[in-house]
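Sequence lines, in order, name chains D and U.
Heads up, the first sequence is in our numbering, so the first residue is 1 and it goes up one at a time.
Heads up, the second sequence is in our numbering, so the first residue is 241 and it goes up one at a time.
Derived from the structure by calculation, the hints contain no laboratory data.
Note that beta-carbon positions come from the ideal geometry of N, C-alpha and C, so glycine has one too.
Please note that the accuracy of each hint is not assured.
[Claimed, not checked] Residues on chain U that point at chain D, a partial pick, calculated with CB under 10 Å:
no.: 1; residue: 277
no.: 2; residue: 455
no.: 3; residue: 459
[Claimed, not checked] Covered stretches of chain U (chain D as the covering partner; in silico rule of three or more C-beta atoms under 8 Å from a C-beta of chain D):
no.: 4; region: 367-374
no.: 5; region: 379-386
no.: 6; region: 432-446
There are 2 protein chains.
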Amino acid sequence: MPSCSRSGLVSVKVGDNAAAAPLVLSLLGKDTVILSMQNGVDTAAQLSELTGCEVLPSALYIAVDRVEPGHVVHRGGHHIMLGSGKGSRLAAAALNRAAPLKAEISQDIPSVLWEKLTVNCVYNALSAITLMPYAAFGETDGAGAVIQMVLEECRVVAQACGVTLPADMTQRLHQIIQHMPTQKSSAAQDVMKGRATEIEFINGYIVRKAGEYGIAVPVNFTLLVIIRMIEKRLAQEKLV
Amino acid sequence: MPSCSRSGLVSVKVGDNAAAAPLVLSLLGKDTVILSMQNGVDTAAQLSELTGCEVLPSALYIAVDRVEPGHVVHRGGHHIMLGSGKGSRLAAAALNRAAPLKAEISQDIPSVLWEKLTVNCVYNALSAITLMPYAAFGETDGAGAVIQMVLEECRVVAQACGVTLPADMTQRLHQIIQHMPTQKSSAAQDVMKGRATEIEFINGYIVRKAGEYGIAVPVNFTLLVIIRMIEKRLAQEKLV
């Protein structure tokens, strides 16, 4: 974002927030609206704590792939949900001017963020581990039952955090397979490129919150640990 | 095994038993002892049903790697436990003449086979999914807890099947990490070479038995489904 701009979009990987915070602060004008365009349900709060400023949360329904530095390919989707708050109308209007984006303000952004977190807990992790596109989830014996187990664990943790996931969440998850059969998750792309994933803020967040509330989440925990091991292998391969 | 030999060792992958049975039958002499040197707790029974002959079960504690057809590298171990039954003394004596093997007859082969199955449920699956050697299990945050979950699920299913796993099974599992830190499981080697694994007879067996007894085994089930998806990818890559 240019110096003293009226709105700033933060879209670094969640794990880079602490490193990015000084840069964000150096670019703030008097009334700059900071928008977190990141995965996770507490990312905006985290960024707010790091910068001391109000940060608007958002959920993006846009599939892109960074094929090389400076070259991003748009795979589909153009929808953005913003939290309501100071500057959200200004930010939504600015985003809507940037066609073909479609930004809307949600009066219940926690539910929106939890629903997206649950989608990520299912597809990011399993796609990153198996390196298979979403179609494979519809074609593999037992995959539907694993998806359901991840979902039910997320549902219980969300409820403990005060958010009720939609009753038709199973259908919503299966629609993703139908709408994007050839897509691999951003986490799968991270693994294929030897980069660290955001797993600690996806399934890792569920595991931490479950721990706080004494809830068992064996499947999310297993997926988290498997990706930690895969990241360890990627880091070792990079050193060779 | 040569025609009309006194003992025959069957060591094909469990999934190939049906295909191997006619060959086994064609090689049998009047008193040939058939020994199943395979993973799984019901493999000998399965082979017995396919051939109509008595088959001795056994558990091998020998790490080998088939680097190419006809070239097998011995990585460690020389211990074989045989079930007791008709011909087991003969078979043990024959194996012990083939130094440096050390064959013993167990009076409780079901417990021996279940303990080995449990080891395989933990390490075969996780090593095949992550392609990491056993040392990584000791070094990754949370891996010990995942190992424990797989173990506890196996323990409950074993108990339902009438077998009590050793009380110090956790220690036995951790000793494997210390004794073979650089080893990758046979299933990991299968995945790296694009071959199908024996997962349906390892974690898959636990899942089927758990289903019969109405026991929840979410972690074994998740590992099974993940490897099914990885095998699907390997099969697709072979076609390309």
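Confirm or reject the coverage of the region 432-446 of chain U by chain D under the rule of 3 or more residues with a beta carbon closer than 8 Å to the chain's beta carbons. violated (count 0)
Examine the region 379-386 of chain U for residues whose CB is less than 8 Å from any CB of chain D, and state whether their number is three or more. holds (count 7)
Tell me if residue 277 of chain U is really an interface residue toward chain D, meaning its C-beta lies closer than 10 Å to one of theirs. violated, 29 Å
Does the nearest C-beta of chain D fall within a distance shorter than 10 Å of the C-beta of residue 455 of chain U? violated, 14 Å
Status of the residue 459 of chain U interface restraint (C-beta, 10 Å, chain D): At 5 Å from the nearest chain D Cβ, residue 459 of chain U passes the 10 Å test, so the hint holds.
With a cut-off of 8 Å between beta carbons, are at least three residues of the region 367-374 of chain U near chain D? That given contact holds, which follows from 4 residues of the region 367-374 of chain U lying within Cβ reach (below 8 Å) of chain D.
Checked against the numbered hints above, the structure breaks hints 1, 2, 6 and satisfies the rest.
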